[in-house]
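For the record, the sequence lines run as chains X and F.
Here full-length UniProt numbering is used: position 302 in the first sequence is 302, and no number is missing along the way.
Here full-length UniProt numbering is used: position 254 in the second sequence is 254, and no number is missing along the way.
Derived from the structure by calculation, the hints contain no laboratory data.
Computed from a predicted structure; not experimentally measured.
Treat each hint with caution, since some may be false.
What the hints assert, rightly or not - A few chain X residues that don't get close to chain F, going by computed Cβ distances all over 10 Å:
{"#": "1", "residue": "Gly-274"}
{"#": "2", "residue": "Glu-393"}
{"#": "3", "residue": "Leu-581"}
{"#": "4", "residue": "Pro-761"}
Unchecked claim - So the derived label-pair ranges between C-beta atoms look like this:
{"#": "5", "chain 1": "X", "residue 1": "Glu-628", "chain 2": "F", "residue 2": "Gln-64", "range": "41 to 49 Å"}
{"#": "6", "chain 1": "F", "residue 1": "Ile-55", "chain 2": "X", "residue 2": "Glu-628", "range": "51 to 59 Å"}
{"#": "7", "chain 1": "X", "residue 1": "Asp-615", "chain 2": "F", "residue 2": "Gln-64", "range": "29 to 37 Å"}
{"#": "8", "chain 1": "F", "residue 1": "Gln-64", "chain 2": "X", "residue 2": "Glu-767", "range": "46 to 54 Å"}
{"#": "9", "chain 1": "F", "residue 1": "Thr-265", "chain 2": "X", "residue 2": "Pro-556", "range": "58 to 66 Å"}
Heads up, the beta-carbon is just placed ideally off N, CA and C, and yes, glycines get one too.
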Amino acid sequence: MAAGPDHGSGPGDSPEGPEAEAPERRRKAHGMLKLYYGLSEGEAAGRPAGPDPLDPTDLNGAHFDPEVYLDKLRRECPLAQLMDSETDMVRQIRALDSDMQTLVYENYNKFISATDTIRKMKNDFRKMEDEMDRLATNMAVITDFSARISATLQDRHERITKLAGVHALLRKLQFLFELPSRLTKCVELGAYGQAVRYQGRAQAVLQQYQHLPSFRAIQDDCQVITARLVQQLRQRFREGGSGAPEQAECVELLLALGEPAEELCEEFLAHARGRLEEELRSLEAELGPSPPAPDVLEFTDHGGSGFVGGLCQVAAAYQELFAAQGPAGAEKLAAFARELGGRYFALVERRLAQEQGGGDNSLLVRALDRFHRRLRAPGALLAAAGLAEAATEIVERVARERLGHHLQGLRAAFLGCLTDVRQALAAPRLAGKEGPGLAELLANVASSILSHIKASLAAVHLFTAKEVSFSNKPYFRGEFCSQGVREGLIVGFIRSMCQTAQSFCDSPGEKGGATPPALLLLLSRLCLDYETATISYILTLTDEQFLVQDQSPVTPVSTLCAEARETARRLLTHYVKVQGLVISQMLRKSVETRDWLSTLEPRNVRAVMKRVVEDTTAIDVQVGLLYEEGVRKAQSSDSSKRTFSVYSSSRQQGRYAPSYTPSAPMDTNLLSNIQKLFSERIDVFSPVEFNKVSVLTGIIKISLKTLLECVRLRTFGRFGLQQVQVDCHFLQLYLWRFVADEELVHLLLDEVVASAALRCPDPVPMEPSVVEVICERG
Amino acid sequence: MEDDAPVIYGLSSRWARALTPQTAETDAIRFLVGTQSLKYDNQIHIIDFDDENNIINKNVLLHQVGEIWHISTSPADKGVLATCYNRSKCSFPRYLATRGSSDSRVLTCAAVWRMPKELESGSHESPDDSSSTAQTLELLCHLDNTAHGNMLVVGEPWGDGKKVICWPNNHILLWNLQESFQPGKGQLRFTSGRWSPHHNCTQVATASDTTLRGWDTRSMSQVYCIENAHGQLVRDLDFNPNKQYYLASCGDDCKVKFWDTRNVTEPVKTLEEHSHWVWNVRYNHSHDQLVLTGSSDSRVILSNMVSISSEPFGHLVDDDDVSDQEDHQPEEKSKEPLQDNVIATYEEHEDSVYAVEWSSADPWLFASLSYDGRLVINRVPRALKYHILL
């Protein structure tokens, strides 16, 4: 290789390779360093993994063999390429040389400065060694001196220690000797705590050395003073006026003086009782009948701060003082709390009972909340006394009573509505002017009841408000919502409403007549409205407001709806009966009181028939206000005309014609029987449907059947028969439009005329045309 | 077991309201029916029912004096019967047709009759044509009423006063109660009345408008009064044959009510099965839990009023001193649940039923009569009959 001769050339004169070559070279240098440190060449980054690392012809490879490489070059390459590679090689060698030189220059200075530093350190260490040697000798001297001094002082030290011990003992003795006077002083000053502490400190020593006469005397003195102290403490304790904390202090001191705990605890409780009873008395005084009782919130506040607070203090002090008493002591306290708590509850209940009538729920709930909240502290303190449970019970009871009260209120409101309606119904007749319409009354009643229900729900809802302390009790989360509010209040009210309404149907005879028919109608519509919408609305509202978590069975909406529907149906049926009865009575009187044999030839429709039509029209209007029209059998609008002709000419003729000839009585009978065969049986008092036509049909059926029965009981003269004929035709003209199936009216009226003809010894019917004229004139 | 089909008998184009069993007859089943017609001669049909062969035999008696509103038979003498009838003066249509009817008037009369001897015992003649066998009645006496206007014999409606006939000892006693009832100045319009079968027949109960009243015939004084017994007119009443203080009433309010006359404020029981006026109520003579009602809704209903009957369900108790045992009954009753129910509704009629009667001979058989002259004879369902007997 021709690179050799250029080896010496410096980096300065080596021409710089092309820019692209620089990183390549650096990488190469790195690769070598890595090789040196045993890192695998192949892992050098960015290097194309092309040539085999074992390839001896690889210039940069570890196994590079110059001979092989040269051979290969000479063998494979043409001259030009050889020349090129030679140039290339030379350039590379130069570059490498310059690199190497740079590195050497850079590191050389560092070596030199390092050598200097090491040399300097060598000098410093030599100096330090000398100083250390000097220090060691000095220390030895010091030790020697110190040993000598301690040896000299040994004797004195022991004496001083002894003297100090004597001094301490003497001080103790002095304390003991001074003790009686100190105690006396303390007692005089009232520093009982200090006195008890002194006594406590001296007690053991005195006890130990009591065989020595001098100590004996001191002990006796001390005992006398202590006895006095105890007496004074007791005195203070008994006087008791100074509140619970001081008493507790007294008891604590007495205990420290070794007084019997049993007796103290009795006494303590007795005192506490006295105080708490005082509180109770003041509460009772507030309850007193004559002065206006403060509102319930104030009352529970008083009770809470006075009694319950006191009880808390007593309990806390007791438990602190008499913790050593064990379960027996706790039991005593629990019994104490139970008894007084019971009396307190009795008072609270009396107060709450006074509140039952009142309307303000929020105040009551707040009072209950306070009451319940205050009792939680002693409840936690005295779990055994069951105060919290008892309080919860009271709250529950009050809530239940409240529900009952609201139910009563709702009922009263409903009855009040009914009274209003009665008055409104009666008023127009008195005043002679137009009263509010039925529909309006109905809307009023419905909305007023609904608002009452909502108000009650809102009032009751206060019991379950989140911020109220007892709302998370299981009763208020479950039973109160489902059984109390939903079942007891809402369902109970709807049921009682239905019952009240039904009771109007049950009242017999004249008493039933006292109920205005319009009220029956209105109630019926109200119940029907409840069935269709209101019940489900109210119950949904309730369920939403009171998220019922209880699983106990509740009355389903459908049952209530069925009840309401049944009530509505009964009311409407009763309405039909009552109205039917009114018209029946009119018809019956008119038939019974008339002398049909000696009546004159009919000139007019009788006034009573006009009255019947008028009343029926009035009823029609009344029912129309509240109920829908309903379906009637399709028949042409001018059917009155058509049926009239059928009824008066062909049918009537067919009926009466044979009766002129006595020889053929069969025909009449046969005809009527055949006719009956084809007509359906008429159920007179049949249940009605909820529409106007059905109601009117019912009323007209009842009236006409009555007319028929009455006619059958009388005997008619010829003109009597004709009068009946005229009357029936008149009814026929006006009544058909009210009923579902006008055929029914025809049938019944035919029957009436036929019966009248039977009851007439001289049946000469009037000419249909004359009948018509009379009716049209009337 | 199947029940026998009802037997239906038509009065051949006569209207009728009056029906009675032949009370003195205890062997044969026999009913008397009076027709009501203004134009033709009225008749009394004697209906014999042959239970074994299910055949009806009839005999016809003429009753020419007028239409019959009510009929009753003597409980002692088979041949004696009383009718209550209207005699209309305008019974001559042609005459009136020419003269006008200005002076026509209807008179209500009552009379006691004796039927021909051969019919008394119900000799089973072959039923021929009715007109040929029609026989006449022998008039025993008129119950004169000219002084008192209209008259009422044992429950005939439309009377201002009342006369009651009873047959205690085979001879007729006529009680004229008119004077005793005067205080109302004729305002008391009795619609119905019945003799109490108890107390040696000294009590009568009457119905007027909505009120029921009990009378003691010895002192002619009111014993009890049930005001507003029904919402509307009281149509009929009947005494429980076995329990002396119990009676049933029915009226225009479609209800049948059972009363204890010792406590008249509340009915013991109320039935509301009919859909129109109830015209008739009858206790079965021997099994008083069976109550029959007829109504102008054309239905006859047989009810089983076990809870207020003298017989505990399934037991027969002596008819005597039943009322004393009332207190003990609840224990016995508790064994079997009692249910008052409707046994059957009979719908054979097509017109208003104005009369229902139990047979005096067979306690399981009854007849009902509707206005169109149809007489239906029915039996108590056999299952029930055996249940009561066994």
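Quick rundown of the hints versus the structure:
no.: 1; hint: Gly-274; verdict: holds, 61 Å
no.: 2; hint: Glu-393; verdict: holds, 40 Å
no.: 3; hint: Leu-581; verdict: violated, 7 Å
no.: 4; hint: Pro-761; verdict: violated, 4 Å
no.: 5; hint: X:Glu-628 <-> F:Gln-64: 41 to 49 Å; verdict: violated, 59 Å
no.: 6; hint: F:Ile-55 <-> X:Glu-628: 51 to 59 Å; verdict: holds, 57 Å
no.: 7; hint: X:Asp-615 <-> F:Gln-64: 29 to 37 Å; verdict: violated, 45 Å
no.: 8; hint: F:Gln-64 <-> X:Glu-767: 46 to 54 Å; verdict: violated, 34 Å
no.: 9; hint: F:Thr-265 <-> X:Pro-556: 58 to 66 Å; verdict: violated, 39 Å
Going down the numbered hints, you'll see the structure goes against 3, 4, 5, 7, 8 and 9, while the others check out.
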